[in-house]
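Residue numbers (numbering that gives the first Met the number 0), protein chains in the order written: chain A, 0 to 470; chain B, 0 to 470.
Check before you lean on any hint, since a few could be wrong.
The list cannot tell twin chains apart, which means a pair is met if one copy fits it or any two copies do.
No farther apart than 25 Å at their CA atoms in a straight line, the calculated lysine-lysine pairs in the BS3-like style are these [as the list claims (entries may be wrong)]:
#	residue 1	residue 2
1	K121	K191
2	K466	K369
3	K198	K129
4	K369	K121
5	K208	K231
6	K121	K362
Just so you know, these hints were derived from the structure itself, not from any lab. For clarity, every value in this text was computed on a predicted model and none was experimentally measured.
Listed below, chain by chain, are the residues.
Protein chains: 2
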Amino acid sequence: MMAKTARRVRLSVFLLLILLRGPLAAQAPPPEQIDVLIQGGTVLTMDGQRRVLDSGAVAIRGERIVEVGPAEALSGKYTAARTVDATGKLVMPGLINTHGHAAMVLFRGLADDQPLQDWLTKTIFPAEAKNVTEDFVRRGVRLACLEMILAGTTTFVDMYWFENAAADETAKAGLRGVLGQAVIDFPAPDNKTWPEMMKAAEAYVGKWKGHALVTPAIAPHAPYTVSLEHLKEAHALATRLDVPYVIHVAETQDEVRTIATRWGISPVAYLDQAGVMDARMVAAHCVWVNDADIRALARRQVGVAHCPQSNMKLASGTAPVPAMLAAGVTVGLGTDGAASNNDLDLLEEADTAAKLHKLIGMKADALPAKQAVEMATLGGARVIKRDKDLGSLEAGKLADLIVVRMDAPHQTPLYNVYSQLVYATKASDVESVMVQGRFLMEGRDVKTLDAASVLAGAQALRDQIRKSVAR
Amino acid sequence: MMAKTARRVRLSVFLLLILLRGPLAAQAPPPEQIDVLIQGGTVLTMDGQRRVLDSGAVAIRGERIVEVGPAEALSGKYTAARTVDATGKLVMPGLINTHGHAAMVLFRGLADDQPLQDWLTKTIFPAEAKNVTEDFVRRGVRLACLEMILAGTTTFVDMYWFENAAADETAKAGLRGVLGQAVIDFPAPDNKTWPEMMKAAEAYVGKWKGHALVTPAIAPHAPYTVSLEHLKEAHALATRLDVPYVIHVAETQDEVRTIATRWGISPVAYLDQAGVMDARMVAAHCVWVNDADIRALARRQVGVAHCPQSNMKLASGTAPVPAMLAAGVTVGLGTDGAASNNDLDLLEEADTAAKLHKLIGMKADALPAKQAVEMATLGGARVIKRDKDLGSLEAGKLADLIVVRMDAPHQTPLYNVYSQLVYATKASDVESVMVQGRFLMEGRDVKTLDAASVLAGAQALRDQIRKSVAR
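With the hints as constraints, model all of the structure from the sequences given.
Put into structure tokens, the structure is as follows:
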């Protein structure tokens, strides 16, 4: 009886399984709905294993990356509102420009081939005094955003006047920015006295704190243009408001001499002793730093913005980047303002950095291409302490990425993507740019700015600017 | 009577003049027939007065420039078979790349971030031995010509194997070349012994001498790879055939040590004492030259090809260009082969040169933008001793010119054309390229090469090349 029952049960289960086979298979998890699937390209992830997926895909929902993996695996797993075919192209994290003065594109090429101090005091400062208004900053930032989007930049660090206007234009362009309201010990285009500057900076931060794209910051100009007391006051404000502290540090030998004469120490030691050096500092240049300075930059977790082309053009010197990296300093790349470079092309900075440090160190394996790509992406994210969200293509991170063609004559043949990116690929090869899950550019068509009106808006100021510096 | 006659004559002459006024005016010389009138753009002439004509024109008949002047003046004077409107653009002499190895584009990025001697002996020489055939050179030169046309180069100096094939492809592409058949003291891909090399070089020169676009040359590799006797023999051949003598000189400290060990003198002094240094020499690099060497280079009228990016990337050093220019040495710019740079973009070399020498000399006014433009054009023409025909836009010179857009976001606003060209303009801004009165590219459409098949032809060799150097 028991045996008969058992047989019947086994038979029933067997029949049930046969009957259920179809429905059970159909019950495999249904495809997940996502917004964008970019598939078919080579995906340079910059993730922990530095994976480069030959035929990869990036799944995006809302503002974040859902998954990065082989195209075959992802295409079955997701139903995308939009699928982008990136076959033959490179998909990689957006470039992060860690130092610049966006609005200064309007001074691009206004005065070249002058030493930094002359250039700054005889051309730039007077030109700023006569020309920089809120309208100037708006026109300049629009042009800078247009140029940066076309060159594959998705995040930029800024330091300038009327930064509220810069933030507004950056947000409208859809770019991500760490945007520092500059403060300095002389009357500036936007604020005339230190108390006014502090008040304006606080109001600016209050207005933008928590914005999805804009991280407001306080930006004291430099150790030689802002007093010790004011450097500390600005730092206290940045700390209280919990925002980055953006500053020029040890850019020239002149600065080193000035600080040494006043205080008997190096600019970095001076800032460290002042107590303003910590993880919220984004220090541009750091050209003239000694071994103790480098250790301090590492210990204090300062983010360093290396601007090789600006430092070359202004004859400032060469930051000891390989030594900084070896000591554990976080280093990103920056273009600086277009008045001193003269463009906002971060791939060119990567190329120049990789070549320059080989020359300076007389070592052809110094700063390999892969390291230069890291500085332009994940390194930049670390400089602004946003590497949990930015700098690589990984599930959970914000969807800031670019699609780059890799089949132009100057990119052919292709043996190694890192090498090709750094040494041969140009800004003009960047085809599409996404920030926060939104395409700002597709097929080199910038969607968030009207190029013709941005260019006309900039050209309209040219004659007035030129006249203002005629001698 | 006399007075009355005189009055009558005066009256008759007066009436005659009135009657003839119309016909005389109509007898102004009729418009001259020309082939192309490029008008409306800013014409950067690089002529003796370095004129920059704001609304200029260039009149071209056949292969030569007939006149350069204000657009208004020229448009009435000539009837052109074709008028090209260059309004808003820059019209300037084509770029002259004074050093490279065109076919090596096929090794672009094959091995990077290695010291020159390792790179040369462990990767490049073995890769050449296993891959370089006449077919390889044809495919490589086609790709290089495509890349150079797209980047605004109209003349290039080359040194490689199977140069007959290189010459053939260059002529087909419509580019102008000083193309050196390389000779060296070890078996090469094309010829295995020195006598074979000499014989092949002479046959090559015989075939191409007098060609409108190709200037054949003899190219001994370097003082450390070609014996004294052979350097002299190659020079005697170049002299007898009256062609340029293209050679690498003083590129690395290794080379300096090698020559010093063998001969106790510098590479330049060695070549000078060998009697091979004269106006037909195009000497690439000249990185490690002392003051006496510089004086010798000037005295012997050697043309120097400065290759800043290659010298940086291979950690070779920095040629003392400002000192060479001050001493009267003729200096042009070169990209070197794409295996060591990794592209054929002469505007980038101008940018790098202008910035690099500011840094090395710690002088922000070293090598101003205008001087960098001169090196890329007229300086290059002087290096190859073709400045009577090339390097500037002047009546009587060959019509080798480029049209460059100047209104891209990264070129806006425009204050100074020299600055904008060197520090902000990119290869991708070059719109049209004319060599010898013939448009090779218009609106970025290359007319003399089928881009798709050139790219496919290069890619087809990639896997084989990669496998050949796998270790």
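The hints, checked one at a time:
{"no.": "1", "hint": "K121 to K191", "result": "within (20 Å within a copy, 63 Å between copies)"}
{"no.": "2", "hint": "K466 to K369", "result": "between (45 Å within a copy, 22 Å between copies)"}
{"no.": "3", "hint": "K198 to K129", "result": "within (23 Å within a copy, 70 Å between copies)"}
{"no.": "4", "hint": "K369 to K121", "result": "between (40 Å within a copy, 21 Å between copies)"}
{"no.": "5", "hint": "K208 to K231", "result": "within (21 Å within a copy, 74 Å between copies)"}
{"no.": "6", "hint": "K121 to K362", "result": "between (38 Å within a copy, 17 Å between copies)"}
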